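The hints should help you fit chain B onto chain A, whose structure is shown.
Chains as they are written, first to last, in the UniProt record's numbering: chain A, 1 to 341; chain B, 1 to 808.
Hints may be right or wrong, so weigh each one.
[What the hints assert, rightly or not] Simulated restraints, written as ranges between beta carbons of each label pair: (1) A/288 / B/535: 28 to 34 Å; (2) B/580 / A/263: 49 to 55 Å; (3) A/315 / B/727: 53 to 59 Å; (4) B/727 / A/225: 35 to 41 Å; (5) B/481 / A/288: 43 to 49 Å; (6) A/225 / B/528: 41 to 47 Å; (7) A/275 / B/97: 46 to 52 Å; (8) B/243 / A/191: 31 to 37 Å; (9) B/278 / A/291: 55 to 61 Å; (10) A/185 / B/243: 38 to 44 Å; (11) A/108 / B/491: 54 to 60 Å; (12) B/580 / A/275: 28 to 34 Å; (13) A/51 / B/343: 50 to 56 Å.
[To be verified] Computed far set for chain B versus chain A, every beta-carbon distance over 10 Å: (14) 12; (15) 364; (16) 535.
Hints were generated in silico from the structure; no laboratory data involved.
Note that this is a predicted model, so its numbers are computed, not measured.
A virtual CB, placed ideally from N, CA and C, is assigned to each residue, including glycine.
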Amino acid sequence: MGGGSSLGPLIDGAPVCPLTSTMALQQAQMLLSMNSLESVNAGVQQNNTESFAVALCHLAELHAEQGCFAAASEVLKHLKERFPPNSQHAQLWMLCDQKIQFDRAMHDGKYHLADSLVTGITALHSTEGVYRKAVVLQAQNQMTEAHKLLQKLLIHCQKMRNTEMVISVLLSVAELYLRSSSPTIALPVLLQALALSKEYRLQYLASETVLNLAFAQLILGIPEQALSLLHMAIEPILADGAVLDKGRAMFLLAKCQVASAASCDPPNKTEALEAAIENLNEAKNYFAKVDCKERIRDVVYFQARLYHTLGKTQERNRCAMLFRQLHQELPAHGVPLIDHL
Amino acid sequence: MLRFPTCFPSFRVVGEKQLPQEVVFLVWSPKRDLIALANTAGEVLLHRLASFHRVWSFPPNENTGKEVTCLAWRPDGKLLAFALADTKKIVLCDVEKPESLHSFSVEAPVSCMHWMEVTAESSVLTSFYNAEDESNLLLPKLPTLPKNYSNTSKIFSEENSDEIIKLLGDVRLNILVLGGSSGFIELYAYGMFKIARVTGIVGTCLALCLSSDLKSLSVVTEVSATGVSEVSYFQLETNLLYSFLPEVTRMARKFTHISALLQYVNLSLTCMCEAWEEILMQMDSRLTKFVQEKNTTTSVQDEFMHLLLWGKASAELQTLLMNQLTVKGLKKLGQSIESSYSSIQKLVISHLQSGSESLLYHLSELKGMASWKQKYEPLGLDAAGIEDAITAVGSFILKANELLQVIDSSMKNFKAFFRWLYVAMLRMTEDHVIPELNKMTQKDITFVAEFLTEHFNEAPDLYNRKGKYFNVEKVGQYLKDEDDDLVSPPNTEGNQWYDFLQNSSHLKESPLLFPYYPRKSLHFVKRRMENIIDQCLQKPADVIGKSMNQAICIPLYKDTRSEDSTRRLFKFPFLWNNKTSNLHYLLFTILEDSIYKMCILRRHTDISQSVSNGLIAVKFGSFTYATTEKVRRSTYSCLDAQFYDDETVTVVLKDTVGREGRDRLLVQLPLSSVYNCEDSSEYQFTGNYSTRLDEQCGAIPTRTLHFEKHWRLLESMKAQYVAGNGFRKVSCVLSSNLRHVRVFEMDIDDEWELDESSDDDEEGSNKPIKIKDEVLSESDTESQVAGAAASTPDIVIKVEKLDPELDS
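This is chain A alone, in the form it adopts within the complex:
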C-alpha cells in the first residue's frame, strides 16, 4: 500500500521539508503559535496566509497518520472555515482531505471507494492522482494496468525532477514485482530507490525502501540477512513512521524471525517463536489504531499458526476464532499472505 502516502506532505510548494514527523510537528506548531504582532493594525486576516494553511494541513496529515482521525477532521474543519472553498489556498486542504480519505479507504480494504476519490485528487494534483490510481489498481490485482501507469508516471516525474514521487513510484513498482513473486527483478528497482533517497536525504523513504528490501530477501529465502537489514530500518520507522508502517515493520520482523527460526534447535526455536508472537501483538495494536482489519486478519492467522506450533491450544483457538470472524466480514482477494508487505 501507498509507500509515499505515508511520508506526509507531498504538496507542491511546501515551505519546509522536515527531517522527521516530530520535527515537522514542531515547526508547524511554532508557526501556528506566532502571535500576529500587528494584530492591532491589520486585523484578523493577517494569519490567513499560505504558510498557515500548509502548517495546518501538515497537522491534519500527521494526526491522520497516527490514527487520530477525529482530531484530523477537526483541523480540516477549521481549515474549511479559515480558507473557504473558493478562496486562494483552499486547494491545499481539499487535496489533504481527499488524501486522508483515500488512505483510510485503502486501509479498510474499500478499494472501490478509494477509486472514486482518485478523480477528485487528480483534479487537484494530477501527478498525485495518477499515482493513487496505480495504487488502487495494484490493490485490485490489475497488475498489468498498474505497471503501465507506473512506468508512464515514472518517466513524467523524472522529467519534472520530482524526486519524492520518483522514489514512491519506484517503491510501488518494486512492490508490484514482489507481489508477482519475482523478487529478483524487484531488487535493482529497490536499490535505485535507496540510492535516490540517500542522495536526497529522504530518511523516511530510505527506511521504507529498506523495509521492502528486507521483504525481498525474505522471499528469496535469506531471512537472516533480512533480519540484520531490518535493524537499520525499524528504529526510524518506529520513531516517526505512520502507524500503518510501524505495524508493517513489526509484522515483517515477526515473519523474518519465524523464517530464521526454522534452522534453530528446539529451545532457541521456541524462544524465537515466542518473540515473534510478541511482535505480532505489537503489529496488531498498530493496525487496530488505523482500523486496518485486513492486516489484523493476517496477523491473527500467523499467530494462530505459531501458537499451534508451540502447542498452546487455548491461545491458538482464540486467534483462530478471531480470524474466522474477520474472514467472514472481509472478502478475500486471493492474494497469498506472504506476497505483500
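Frame of chain A, contents of chain B only:
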C-alpha cells in the same frame, strides 16, 4: 671463555626521581609510555617514561577540586579520568592537554575506579556508527557558546556532534566503573553516561573490575567497625549488559548526545540571563517610586497621557523626568535596552532554538528505539516517558519562540515611546528640538497612547508580589528562575490557532500537540523539560543496576593494619581480568606467622562455570644470585603486588631480616609456575568460602617458589608500592615515604648489560663481570611470556611442597 650465567640482574633502571609531593596514586597508560600520578597537593601529573620527564600537570582548582583519590585511563589511553573527594566530581582529561573535557558529579566520594573495554566486536555496532553519521548530516552544526563558559566542560562549549563523537571514541563500548563508600557503585558508559547504579553491596569499595566479556563485576569492599575492618570479595552478575550489548551501546551513545545537548541548552540560557541587565528594570522602579512619593490623585497613566495630549506635565512628573530620569539617563536606558534585547534575541535564535531542535531530533530517535520493545524494554527504556520528554522539549521551543516575539514587540514599543519622551523632555528644558524628531503623526500618537494604557497601569496586587507597581520591562520575567507565574503573560487573544484549539474537542487531547504554558517563564518550562528528560535517562540506570545480582560473596580477612590512611590509596587488594581466558584474579595478602603471604583467588567471569585452583597462596622461598650462584634465603613478606600482564605478577617483597637499604626486592612472578604444573591438582583449597579465609589459613594450599632470575634487589630504597605495565614492559616502584620513584624496564634489551647498581650478595665482596645473556633476551619476547613459561629451559623455578627446608 665466559659462560652464560643462568641468571643475571634483571630489570634495568631507566629513571629515578625524588618528587616534591607525596604521591597518592599512580597508574600507567595502557598504550603509551606515560604514567599518571596524583599527589597530596591535588595535582595530577603526567610523566614520560624516559627519565621520568614531566609532560604536563593539572593543578588543583576551586572548580574541579583539590583532593584526588584515584585515576583511571580509558583503555585506548587517550583519556584520563580522575576522581576528586572534596567536590565529589569525576573529571575526564585529554592526554594531550591538561584541560577538563568533561566532568560530572557523583553522590559519594569515589575510592576506586576501573575503566574497561568490551572485547566483543559486532557488525550491528558498525551500522549504529553509520546512523550517528546520519544525524550529523541532517542536523546543522551548533554555534559555539561564548568563551567564558568553555572552562566548565569543553565539549559542551564547542558543542557539535563531531566533538562528542570524538570524545566517545571508538564505537566499542567502554565502561568506567566507580566505587565509593557505603556500597556506592556506578557504571558510566564511555566514562560519561550513567548506565547502572548498583545497590545492595555494603562497605567501602577497595577494588573493582568489570570483566571485558561483560559477564560479571568483581568488587572488593571493606566494612570497618571499631578500628578493625573486614574485607570481602563479591562477584555480581551482569548478564543483562552482556546479552544486550549492542542495545546498551546504542542507548549509551544516544544518551550522551542528549545530555550534552541538554547542557548546551542550559548554558545558552545562562548566557541569555547574563545578557539581561538590571538596568532594564530602572523604568519600573522609577515609576514605582514616583507613585509612592507623589501626592496627587491622578494616576501615572493619566499624567503621561496629559503630557502626550497637551504637551505639559505636572510638577511631579516633571521632577521625575528631569531630575531623576534625565535626558542623559533616558538615552542610556534606551541604548542598554536595545543592546541587551538584541543579544538575547541572537542567543535564542542561534543557540537555544537550534540546540533544542537537535535535542528533539535525538529524542525522537530514542523514541524509535524505545518503541522496539523487544530490544529496549528490558533495559528500562520507556516509550511513554520519552514521548513526554519530546512533548516537554516541544513546549520549551514554543516558549522560546514566545520570548522572541515579546522581545520583538518590546523593542518596537520602547523605541517609539522613548522617542516621544525624549522630545517631550527636550521641550521641557526648552532645548532646541531637531525638526525630524518633532514630527509625530496621528498614528504615532495612537501607538504611544496604546503603549501607555497597556503598560502604565498601576497594579497594586503586583506591588504586593514584586514590590513594584509596573511591569514595563517584559523580557526579564522569562529569564527569572522562579516558580511564579509570569507578571504579564502574553495575550493570546486573537490568535486563531489558540482559539480553535480551546474550542476543539478531540484536538485538545491530541498527544501530538505540545502543551503551551502561557503563564510560565522560560526557566520554568526548561526546568520541567530537564526533569522529564532526566527521569527518562535515569530509569535504565536503575533497571540495569537492579539486574546486577550479587552472585558470590567471599569474606577474605580482617584488616588491622595501622598505616591504613596511606595504604588505602593504593590498589592492594588488586583485581585483574584476564580477557583471553575470561578469569577474574584477585591478589591479596593474609597475615600468617607475622609475615604477609600473597594469596591469589581466581574465578571464572561466567558465574556458572568453575575454575581449578581457585585459591592459592604463594610463599617466596629463595632467590639465586645471577653471577655468583649464591642463594639468598630468608623470610619474605609481600608488600604490594600487581598484575604486569596476563601471565605475570609484579611483586614487591620485604626481607624480614635483611638490613635496611637492602631488604626490598622486585620480583616478576610467572603465573605458569603457580598454576601450570603437573602437581597442580594437589593444590586444592580444602576450606569453605563462606568462612573468612584468614581463619582457615591451613586450608589454603601454599606454593613456595624459588627464583633464579626475574628478580632484583631494590637498593637504598624503602620500596613499598609498584605499578607495572606489561604493554610497554615497564614498572614503577614507589618508596614507603611516597616520594621516591624508580622506573624499571622489565624487558632486557639485546645488549651487553653493564649493571652498575651491583646486585651481589650481602657481603658484597666479589664484583663479577656482567655479561650478556642472549638466552634471556630471547626468552623475554612476548611469545614466550604468553607461552607456558615453565617449559622454557632458562626460567628455572623450583617448586617445592609446603615445607621447604630452610638451610643454606
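Right, here's what the structure says about each hint:
For the pair residue 288 of chain A and residue 535 of chain B, the supplied restraint of 28 to 34 Å holds, since their beta-carbon distance comes to about 29 Å. Between residue 580 of chain B and residue 263 of chain A the CB atoms are about 31 Å apart, so this pair departs from the stated range of 49 to 55 Å. As the Cβ distance of residue 315 of chain A to residue 727 of chain B is approximately 57 Å, the hint placing it in 53 to 59 Å holds. The beta-carbon spacing between residue 727 of chain B and residue 225 of chain A, approximately 39 Å, falls within the hinted interval of 35 to 41 Å.
Residue 481 of chain B and residue 288 of chain A have their C-beta atoms about 45 Å apart, which keeps the hinted 43 to 49 Å range intact. The hinted range of 41 to 47 Å is satisfied by residue 225 of chain A and residue 528 of chain B, whose Cβ atoms lie roughly 45 Å apart. The beta-carbon spacing between residue 275 of chain A and residue 97 of chain B, approximately 48 Å, falls within the hinted interval of 46 to 52 Å. A C-beta distance of roughly 34 Å is found between residue 243 of chain B and residue 191 of chain A, which places it inside the suggested range of 31 to 37 Å.
Between residue 278 of chain B and residue 291 of chain A the beta carbon distance is about 59 Å. The supplied range of 55 to 61 Å therefore holds. One distance hint, 38 to 44 Å for the beta-carbon pair residue 185 of chain A and residue 243 of chain B, holds here, with the actual separation near 40 Å. Between residue 108 of chain A and residue 491 of chain B the C-beta distance comes to about 44 Å, which lies outside the given range of 54 to 60 Å. A C-beta distance of roughly 33 Å is found between residue 580 of chain B and residue 275 of chain A, which places it inside the suggested range of 28 to 34 Å.
One distance hint, 50 to 56 Å for the beta-carbon pair residue 51 of chain A and residue 343 of chain B, is violated here, with the actual separation near 28 Å. A cut-off of 10 Å between C-beta atoms confirms that residue 12 of chain B is not in contact with chain A; the least separation is 52 Å. With a minimum CB-CB distance of about 4 Å to chain A, residue 364 of chain B fails to clear the 10 Å threshold, and the non-interface call is violated. With a least CB separation of 19 Å from chain A, residue 535 of chain B remains clear of the 10 Å interface cut-off, as annotated.
Hint violations for this structure: numbers 2, 11, 13, 15, all remaining hints satisfied.
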